[in-house]
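Visitor: Next come the chains, spelled out residue by residue.
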Amino acid sequence: MDFSFTEEQTLLRNMVQSFVSDNYEFDTRMKIVRSEEGMDRGIWQQFAELGLLAAPFSEEMGGLDGGPVETMVIMEELGRGLVVEPYLPTIVLCGGILNRHGSDAQKQAYLPSIIGGEAIWALAFNEPQGRFNLADIVTSARAEGDDYVLNGTKAVVLGGPWADKLIVSARISGDQRAREGVGLFIVDKSASGVSTQDYPTVDGGRASEVTLENVSVAADAMIRDANSGLGILEEAVDHGIAAICAEAIGHMKMLNDATVEYCRTRKQFGVPIGSFQVLQHRMVDMFMEYEQSVSMTYMVNMKLTEDAAARTKAAAGAKVQIGKSGRFVGQEAVQLHGGMGMTEELNVGHFFKRLTMIDTQFGNVDHHLKRFAAA
Amino acid sequence: MDVDFTPEDVAFREEVRSFIEENYPKNLGALERSDMSKEDLLAWHKVLHTRGWVAPSWPVEFGGTDWTVTQRYIFNEESARYGTVPPMPFGVQMLGPVIYTFGNQEQKDWVLPGILSGKDWWCQGYSEPGAGSDLAALKTKAVLEGDEYVVNGHKIWTTLAQHADWMFCLVRTTTSDKRQDGISFLLIDMKTPGITVRPIITIDGGHEVNEVFLEDVRVPAKNLVGEQDKGWTIAKFLLGNERSGIAGVARSKKAIDRLREIARGELENGDPLLSSADFSRKIAELEVDLTALEYTELRTLAAESQGQGPGPESSILKIKGTEIQQRITELTMEAVGNYAAPWVPQLDVGDNYLAIGPDQSHGVSQTYFNTRKTSIYGGSNEIQRNIIAKMVLGL
Ligand SMILES: Cc1cc2nc3c(=O)[nH]c(=O)nc-3n(C[C@H](O)[C@H](O)[C@H](O)COP(=O)(O)OP(=O)(O)OC[C@H]3O[C@@H](n4cnc5c(N)ncnc54)[C@H](O)[C@@H]3O)c2cc1C
Ligand SMILES: Cc1cc2nc3c(=O)[nH]c(=O)nc-3n(C[C@H](O)[C@H](O)[C@H](O)COP(=O)(O)OP(=O)(O)OC[C@H]3O[C@@H](n4cnc5c(N)ncnc54)[C@H](O)[C@@H]3O)c2cc1C
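Line by line, the protein sequences are chains A and B.
Residue 106 in the working numbering sits at position 106 of the first sequence, with consecutive numbering throughout.
To convert, count from 1 in the second sequence and add 1000; that's the working numbering.
No lab work stands behind these hints, which were simulated from the structure alone.
Please read all numbers here as calculations on a predicted model, not as lab measurements.
Yeah, the Cβ is synthetic: ideal placement off N, Cα and C, and Gly gets one too.
It is possible that part of the hints are untrue.
Listed below are several chain A residues computed to face chain B (Cβ distance under 10 Å; list not exhaustive) [to be verified]: (1) Val149; (2) Asn151; (3) Ser275; (4) His367.
Pulled from the structure, derived: some chain A residues nowhere near chain B, Cβ distances all over 10 Å [said to hold, decoys possible]: (5) Phe5; (6) Arg13; (7) Gln46; (8) Leu50; (9) Gly117; (10) Pro128; (11) Val156; (12) Gln268; (13) Gly270; (14) Gly274; (15) Gln292; (16) Asn364.
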């Protein structure tokens, strides 16, 4: 048994940490969030130069052959800086799908530009009626000669406004919620028939509603075959969950440190408010929630490469823990900061908002409790 | 013991309901509270004024009503059911009772009518950067020079001060060893030179609170309420009244109805979310909590009608009421699933943003974030627990 990081992993952490603290202070972050585009392409390019965009890919593709632990380390550090650039959709979700399941031709066509920071990708898997069920798909993919024709609407596509390419889940056959007959298709966002409605999200990101109207894609735009889409999607989402768990422990760590520091210095009734036992115990609870979350984050990242059943149970369990702990830590951090915690000016509220969205992203506590029970 | 309504009560409910239905300004229904202008916020107040119903709890001689506790309860319930914009609490709930209890005749004559008619918008100048929970630490200074006080200081979290004509303000007039001594209660015209109001934007993106800077602000000495240096008693009297209004039972009932409606419209695997055992159970738990709070409030009201003022027990109403409000907004956000994510804060709304997702999902996240304030203001929930520990349990 060993929970320690390798020397390389520690170097990676230090590198990301110092990059984020040097280049992504809270003020800079808020300028980026409020900018027209909502992300900083220069930062993204620097991620490429630092090798972050290459981390999980195989060496033959120009990657660094990293595994879930490397992704975890990167996401945790990005979480500490509340980084909004689309590491999750481009590298973890879409990059991960291409890396694990893309054909050689697809990998050669797409991975180099992802690794080089030239292409941004987004995963279009939610639908307005689908809530958290990945199989609840109305968007259709109709075979027409060698092509597929896509029609439908994809909801809350995170990173959508910045994306050049989308991976879209669509139903090739079967009933609306059948597990079979789901395909994943690579769609150029500029293709004819693709339209988007872009908007900011609660946590400082951007998302799109994506409408597909008779969008024609060649058969080789499909990942694997006409039946494996859902399994690949579930696996990708579990990788996404493991990644945002790591991001969330970065948020919680920052909130806990900020809260302890605030309670040490903020004086009321002539004493630091941290001297009130009720607040001490609250901070102890926040600390315990954080530690439990770290444990579950390590656990899921170690089990990501196991079989589907073990992976599902691990991801569902971790997501429940992070959802509950994130909510508690976020709410209490605001509470203990008093009025200050309610202000847009302080980073506390922004960590709280991102943690709140993480609870919903890829399914909330209830959804994953059921999934855990069934797994 | 008896909680049945008399035939008179039933008739009263009918009267209130039809008055609201017939007179509530039609344009208000479509607006979120956060999008309302000052005129919007006052529109219903002004209609209520014509009917004499702005301040039901005030004594009749000052413009209140002679309603029984039950009638007031019914009025609140009907107002909440319709979702009316209540009169701003700063004048009606907070300052009014202070003036008719502690003010002199001249103050009663000019302050109370302005509150009732809606001519004067009041804001509450209590908190300061160094004086939040520890209100008695306040430093804003008022020095008597002739027949004027000269006020210098810095207030913060002043709700809707951007609209205010007047501020009731706690100031320090004497420095003494016991910090509660030497505080005075002053009425300050917001148009007086030397006052600067600076917005504070909250995490929901709204502009609700402000900082108020006072620099050599000259206030007529006759604007002092009660005796100089004896303002602490008044300050605490006001806080007791602020707290009891905060339970918000009727509005929470309405919010649960809306939650249920949203959960009926949301689909989970093709079925309404409301039919999910998990989700309906959570709503049921909330309703049980709310029922308990309702009966606790009724017990408090009944005691009040028998002449017992709102005691430290009203801290229960504040704590439980706000916890329930927070839980409702949390569940409502949970109900809309992925559509909790879109963010269109009021300040940024322009023509280029179209509404995203189903109508029922709009603004639910903002409301959730905004409602975190309720366990902080009005005396934080930690402070309320301290009050119960000390005053009720004798610890
Ligand atoms: C089943 C059982 C087995 C035990 N076995 C052993 C044993 O084998 N050997 C042995 O030596 N002792 C044993 N104990 C005794 C145990 O260590 C004491 O009960 C314990 O230390 C608490 O002391 P107390 O009972 O005097 O309660 P108190 O110390 O009087 O505490 C009463 C309550 O006040 C709280 N409290 C006290 N101080 C503070 C504080 N500073 N801040 C906040 N809260 C506070 C406590 O948490 C508790 O809820 C046992 C007790 C039990 C119940
Ligand atoms: C949206 C909003 C609107 C407001 N509107 C107004 C207004 O119109 N007018 C006005 O005057 N004020 C207003 N306030 C201010 C409000 O009353 C204060 O925020 C509140 O009193 C808390 O003070 P603080 O923010 O300085 O927090 P602090 O007092 O610094 O408290 C920080 C944390 O410490 C805890 N704490 C403090 N003391 C103790 C203790 N003894 N024991 C245990 N825990 C403790 C608190 O509960 C809190 O969790 C408003 C605040 C908000 C957020």
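Visitor: Next, verify each hint and record whether it holds.
Guide: Verification of the hints:
no.: 1; hint: Val149; result: violated, 25 Å
no.: 2; hint: Asn151; result: violated, 20 Å
no.: 3; hint: Ser275; result: violated, 13 Å
no.: 4; hint: His367; result: holds, 9 Å
no.: 5; hint: Phe5; result: holds, 33 Å
no.: 6; hint: Arg13; result: holds, 29 Å
no.: 7; hint: Gln46; result: holds, 27 Å
no.: 8; hint: Leu50; result: holds, 29 Å
no.: 9; hint: Gly117; result: holds, 26 Å
no.: 10; hint: Pro128; result: violated, 7 Å
no.: 11; hint: Val156; result: violated, 4 Å
no.: 12; hint: Gln268; result: violated, 4 Å
no.: 13; hint: Gly270; result: violated, 8 Å
no.: 14; hint: Gly274; result: holds, 13 Å
no.: 15; hint: Gln292; result: holds, 21 Å
no.: 16; hint: Asn364; result: violated, 6 Å
The earlier numbered hints that this structure contradicts are 1, 2, 3, 10, 11, 12, 13 and 16.
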